[in-house]
Structures are given as C-alpha cells and as structure tokens.
Amino acid sequence: MRVATRSIYETVRFNLDVITERLSKANKVVSSGKRITTLSDDPVGLAQALNIKSSLSNIEQLERNINVGKSWLAASENALTHVQNLISDAKAMSVQMANVTEGAAERASAAQAAQNMLEEIVSLANTEINGRYIFAGSKTDGAPFTLEDDNSVIYNGNNEPFTVKIGRTSTVAVGSDGESVFGSSGELDDIFNTFKELKAALQNNDVSGIQGKINQLDDHFNHIATKISDIGSKMNRLEIKEEILQNLDITNTERLSKIEDADITDAIMKLKAMETAYQAALVSASRVLQLSVVDYL
Amino acid sequence: MSGLGLVFSIARDALAAQQNGIDVTAHNVANVDTPGYCRQRAVHEAKEPAPYGGLMFGRGVDTAQVLRISDQFIENRLMRQNSNMLSYKEMENYMQVLEGVFSEDSETSVSSLMADFWNLWHDVANNPSGTSERIALYEHSISVAQQFKSLSRDFGDIETDLTQAVSSGINRINEITAEIADVNAEVVRSESGAIANDMRDKRNALVSELAGYIDVKTFEQSNGSLSIITARGCVLVQGNESYDLDLGGDNGDRVQWSGSGGSAVDITNYINTGKLGGWLDMRDEIAAKYKSDLDALARELIWTVNQQHSLGVGLEAFSSVKGSYAVSDSSKELGSEDCGLEYYDKLSNGTFNLWVYDSGGNVVNGVPTSITIDADTGGTTLTSLAAQIDAIDDISASVTSDGKLRIDADSGYTFAFSDDTSNVLAAIGINTFFTGVGAGTIGLSDVITSDKNYISAAQIHSDGSIAAGDNKNALAIADLQYKLVDIAQWTCDRRNGNTQGCIRTTIEDYYHALVGSMGITSASVSRGRSFNEGMVNKLRELRDRISAVSLDEEMTNLIKYQHAYAAAAKLITASDEMLETLLETK
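Chains as they are written, first to last, in our numbering: chain X, 1 to 297; chain W, 1 to 586.
Hints are computed from structural coordinates only; laboratory data are not their basis. Any given hint could turn out to be false.
Simulated coverage check for chain X against chain W, where a stretch passes if three residues somewhere in it have a Cβ under 8 Å from a Cβ of chain W [to be verified]:
#1 129-141
#2 167-176
#3 284-294
Far from chain W, some chain X residues (derived; all Cβ distances over 10 Å) [unchecked claim]:
#4 T5
#5 V44
#6 G183
#7 A225
#8 A273
#9 A281
All figures in this text were calculated on a predicted structure; none of them were measured in a lab. For glycine and all other residues, C-beta sits at the position ideal for the given N, C-alpha and C.
The following block holds chain X by itself, in its conformation from the complex:
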C-alpha cells in the first residue's frame, strides 16, 4: 500500500492533537476536582446538579426560617413562663390576703403589688424581639397592649399570628394573637381584667372579692400553661423539622458530590494513562518522522 509523505505527517499531527486534547481534559478534571467543567461534559448530570443546588439553597433558607421561628417561640415561652409565675405569685398572695387574719393595711400594700403585677404582665405581653412585638398578631410594629388610666387594657393587634415557612408547604405560627393568649376566651375573663379586679378587691378590703379571684387565677394559670405547652410542641416540631432538613442537607450534598466531583483516584489513573499514551505517540512520531530513503542514497 502506498503511503504519501504528507499522510505520515498528517497522521502524527492528528493523533497528537487528539491525545493532547484528552490529556488536557484529564488534567482539568484532576486539577479542578470536578467531573463536570463545562455544560457539555454531562448535561443530564449538570441539570440534576442544578436541581440539587437549588434544593440545598432552599434547605439552608428553611433552616434560617426555623431559626427565626425558634427565637420567636423561645421569647414567647420565656414571656409566658414569667406571666405564669406572676399568676402563681398572685394566687399565693390572694390566698394569703383572703385570710381573715390579714388587715386592711396589708391588703392595701398587696393591692400595690397586684398593680405592679398587672403592669408587669402588660409589659411581658408587649415583649418584642428585634423590635417586633410577638403577641400582636401581624401588627408587629406597635405595642399590642396599652394600659389605660382606669387600669383596663386595650388590644391593638390583630388575630393573624406571625408565621414562618418551615417547609415547601408548611408554615408555623410562631407569633401569637395576643387576644387569644391574654384576652377573654369562653368563660375565662381577660387576664388583665382579673388583675384589675383583684387589685380593686384588695384595695377595697373585699375578702370575698379576693376569694372569687383565686379560682380565676387558677384558670388563667392553666390557660397560660396550655399556651406554653402549645409553644413547646411547636418548638419541638421546628426541631424535628430542622433535624430532617439537616439530614436532607447531608444527603443532597452527598448526591451533589457524586454528580459533580471527580473520583480523584480514577481521574489520576486516567491522567497517567493519557500521559503514557502521549509519550508513546511522541516516541513513535520521532522515529517515523526521521526515516527517509534520502538518507540511504
């Protein structure tokens, strides 16, 4: 078979081109550690990787949302526990003051204590986190409860508690509609009103009035306890969700790494193989290109 001189050179050139291209590709994989360096390397894998990256970014955001939610819930729990303690203190005080052995002077000073408690509860009900009132429904920019001169308390918030998103389809109310926490519900009187009346009864030295409040205080105690346990279960839900998200984060990161990252051992073996092939091609080229009949004539 006849081989043209040009063919020999062309073949050498073409083969070296092909091998250097592969060598450069193998080198890129090893040096970047990525299996996919351009869109065309693995388009299907790339689209999957993009989906996973977006999921990861969403998961991180949801984790951030959960943290916001947790700080709201923690603040609520803290405030309500204090309220509960105040109610418990008020009850103890009421029991003591309902005792006939106590005199008007003691009751008058207890009335002052009840007033302080009332103010304390209003202030707890106006708890804010980063400047947002947590018991105001969604009217988070203004104090939800105002104490009037006549000791009555007005609710300025609304009935839509502040919510955060903790999953693609689930939201959790982490703020509270203050009215449902502190206001009257069913047979239960407004908590502020109870304190207002307790104070009035103490001030007026009205023993039966004081006694009447003890049961109400119990009811309020239980009502707040329910609310605290609500918050606890929400907190629990957020923590479970957070754990799920963290697991998802790990699995997705692993999946992403499987798609995107190069198997370094494999990549280095490939690079070595390419190197050997390249050297072999160079040796063979240098032998063939030197041969010519001219040297023997």
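Knowing the structure of chain X, use the given hints to seat chain W on it.
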C-alpha cells in the same frame, strides 16, 4: 533508416525522456506539501517500430503525456465531508462561547441568583417591616435583572458576530468564484492538446475551499470548464462567468444571490453545509432557540412575580401610581391583542378592590370600591377602567399620553389594592415588582426603586388595615419558586420555520432544563465535529494514498531515471566509439 544513426536517435530520445521523467519527479518533490496537489507521472511509450530488411526495429521511447493521478470520486467525497466538518467546527466554536456565557461555575449564574432571589423573599417574610431585608431583596433583584439582560446582550453579540462571519465568508466566496471563473478560462484555452494538470489542481483546491464555505455541486463541461451550483440551484460559476452572493434583506442578515437578471434570490435557509451552514445554523437555530427560550422564561418570571405582587400591599398605601405597561390603543378591550398590552392574554373576568384611606389611615366609607373587569369583547378598556376608578371619591385616574394608567389620590388621601381576580393590575403594571417583557427588558418597577416600602409583603386585612408584620404575600411570592407555570418553549428550524410549544414546569426547572439542553446540543455538535473530522481524515488519507507525493517513491524514481539517463548516455558513447572504429578502418 537503420544502423548507427538509429542508435544515436534512440539514445537522444531516451535522454530527453529520462530528462522529462526527472523534471516531473522534481515537480512532485517540490510540491510534496502543497495541499490539493496531485502527483504527476511522465508516461513513456515505445515509439512505433520501423520495418528494415524484413524486420521490425523499435525506434526508442517517447514521452506520451504527463498524467495527473487523481480519483475525482474520492476528491468529491472528501470535499463534501470536509464541508460538513467545517460546519460543525464553526458551530462547536460558538457553542463553546455560549457554554462560557451560561457557565454554572460562578456565583452570578442565573440559577444561583434565582435561588437567592426566592430566599430573599423568605427573609422579607421573616421580617416584613425590616428595611435591610427589603433593600437586600431589591438589590439582588437588580442583579437578577442585570444577569438576564447581560445574557440577552450576549445572544445579541453572538448574533452580530455570526452575521459578520457570514459577511466575510461571502466576500471570500465571491473572490473564490471569480478566481475559479478565471481558471476555467485558462483551462479551456490551454487544453487544446494536453490536459492542464496544474490548472486543474489549482481549480480543485479552490473548489475545496469554496465547499468549505457553502454547499457546492460541480459539473465539468466537455471543454473542461467547471460549472458550480450552490444552494437552491443558484449558479455560482458558469464558464468564465461568476455570480456574486451578498447580504441583504430587511435586517441585512440574509444571504442573497443575484443572477444576471438582477433580481435577488434569498438562499439563506437552503445553505446546509460549510462554514456558512454552520454559522447560519448557529445563528438562526441554536442561538435563536435559546434566546427565545430565555426571553420566554424571563417573561414568565416577570408575570408570575408581578401577578402575586399586585395582590399584596406594601408597608404604606400609594398617593400616586402609574402603570408600567402601556397600551397602544386605550379604546380597545384590555383582554384583546388589539389593545397592545403585552400581557393581554392573562386577563380574565373578575374584580379588584380599591381601598381609599384618609389622612388618619382610616378606610373612607369603611369599605373598598370593587372594580369589575370584563375581559371579553366589548369589555373593559383602559379608558373605561380609568373612568371607573376616576368615579371614586378622593381619587382621580386618567390614561397618560404614553398609554399607561395613572391614579392619584387627593391631597391627604392614599389608596391600595387587594383581591384582584382579573389580573388587570399586573397586566397594566400597577403595584408590580418587575418591569419589562423579556430577558432584554427586565427591570425593577420605578415605584419600588424609589421606595422599598412598596414591596408587597402583606395583604390588606379584610377590615382594610395594613399590618407591618403581615408576611402573607411575601410567603406567597416565595412559594412561586415551586409553582408550576406554563412557559413557552421554542423549536427553531430554518427550513420549516420556528414553532412555539409550551411546557408546564417551575421557573427554575425550566432554566435548568434550558442549560441542560444547551449542554446536550453542545455535546452533540462536538460529537458531530469529531465524527466528521475522523471521516475527513480517513478520506484524506485515501485521497493522499492515490494522489499525494511520496518522497520515498520519488527518490526511487529519481535513481531509476538517473540510471536510465546514464545508460542512454552510455549508448551515445558506445555508438560514438563504434563510429570511430568504423572510420579508422580505411
């Protein structure tokens, strides 16, 4: 004639013949690296014998012709394959540019910008009255818009580059065809007797180069001239005439052929191979498809976000607002294409509420005004909508000279919108987030640019109050990340026209699929290039095996002719000695 005279004559012819052989060999050696060169052979023939004394005596050698060794069939195959290869190669180059533009390595890729865009809505929802969250969302949305614009601009640049490439390709084609016409004339003139080998080689090389640019069909005429026909049967070269191509059409980007008649024929969509085929495929099919897809994506993103945004309310109500989308005719129904509204097709029959607040922030009359939109024929026009709104106390509305709706509240009053079931507010661009209609025009609403408090994170409460901590609308917008929407998807085909399909997917999946599809196209173009390159190499080897010069062979021939020359010279010496011997015998 016979005797010593004959020997002299034979030896002389032999010397000349070997000399010819060496000449041809030298020519071959000199052209060992000339592309398209076909090796030549001096064909020697024994001369007719002469009868003498009842015997037939040979009269030596003659150089009958210088033969050009080539196989036109393989040359043509090679030319076609090379033309295909170059088409793929050009596409591959531009695909690599596109891949770079859509690179997913960086933080500025649309996919990561989009993911952050939705996340920032979550952040706003987590703190709806927070200024820093609103500013972060706004700034990031600007980046999203700019990235879309920059991609759109890159497509525009690629398109311009390709048209420029086509233009310079056409210039070269015109040069080549003119040259081929000249060579044709030369071949016809010089081929009265022998074949004009080198002229034909030159012409072959020119035709190969031409085929590298554009589809070519060749026919050889009986007089040796070559006719060349390109796409759509248009004649490029006939005899010693050549016909030019040029760029024309409305945008100056169509390839046109002008015959002797003078009327231009648009051959753009018929060019399949060669660099022009690759450039045009890239420009009118691949880049055109992805550009349209990107526009469709941006269009849907703008709409989806705007539609939800228009249902909400910012931290404060408006005192004055102007739509961002214009109608071309305010007396045409908003639900019909005639009105010139970009998103006219999104309108449906429905209502929206307009709330008016006095300076104390209280709802005027205690209830909102419900505005009814009729999207059908004979229904609401922009003018009638303006009139409906204008009729509300303390509010005035009008259609501006540029076809947009403008609403103003009397001094001290403000207004806001809620519960739009007709989509009209989003369609005319009132209380919206984005402006623009595609990747090239996407931007942020002026209202939001001047005051971030108008980012609608909340929705108006049923009693008309606007709560600072209400994040319903921000959450609804964040949810759009996973909302299925109908997005147009294009198939661009130069021969059969572009068709628009539609797929139902999320905005981000659409983008991921778009990038994936681009990768697949790029990989298949690369495969096509590599396959064709392999084929071209095989065919070129085959062609070279037949036609190209082998130095070893030429050197061997050189020795052969050298020896034959020496032998012929020896003949002269021998017969000279014989003649001398004869002359001495007296």
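The hints, checked one at a time:
Under a criterion of three residues with beta carbons nearer than 8 Å to beta carbons of chain W, the stated coverage of the segment 129-141 of chain X is upheld, 9 such residues being counted. As drawn, the segment 167-176 of chain X meets chain W at 3 residues by the rule of a beta-carbon pair under 8 Å; at three or more, the given contact holds. As drawn, the segment 284-294 of chain X meets chain W at 3 residues by the rule of a beta-carbon pair under 8 Å; at three or more, the given contact holds. For X:T5, the non-interface assignment is contradicted: its Cβ lies about 5 Å from the closest Cβ of chain W, within the 10 Å cut-off.
Chain W draws X:V44 into its interface by the beta-carbon criterion, the shortest separation being 6 Å against a cut-off of 10 Å. X:G183, annotated as away from the interface, keeps every beta carbon of chain W farther than 10 Å; the closest lies near 18 Å. Even its closest Cβ contact with chain W, about 26 Å, leaves X:A225 beyond 10 Å, as expected for a residue assigned away from the interface. At roughly 20 Å from the closest C-beta of chain W, the C-beta of X:A273 stays outside 10 Å, upholding its exclusion from the interface.
Consistency note on X:A281: stated as away from chain W, and its beta-carbon is indeed over 10 Å from all of that chain's, at 15 Å minimum.
Taken one by one, the earlier hints fail for this structure at numbers 4 and 5, listed in ascending order.
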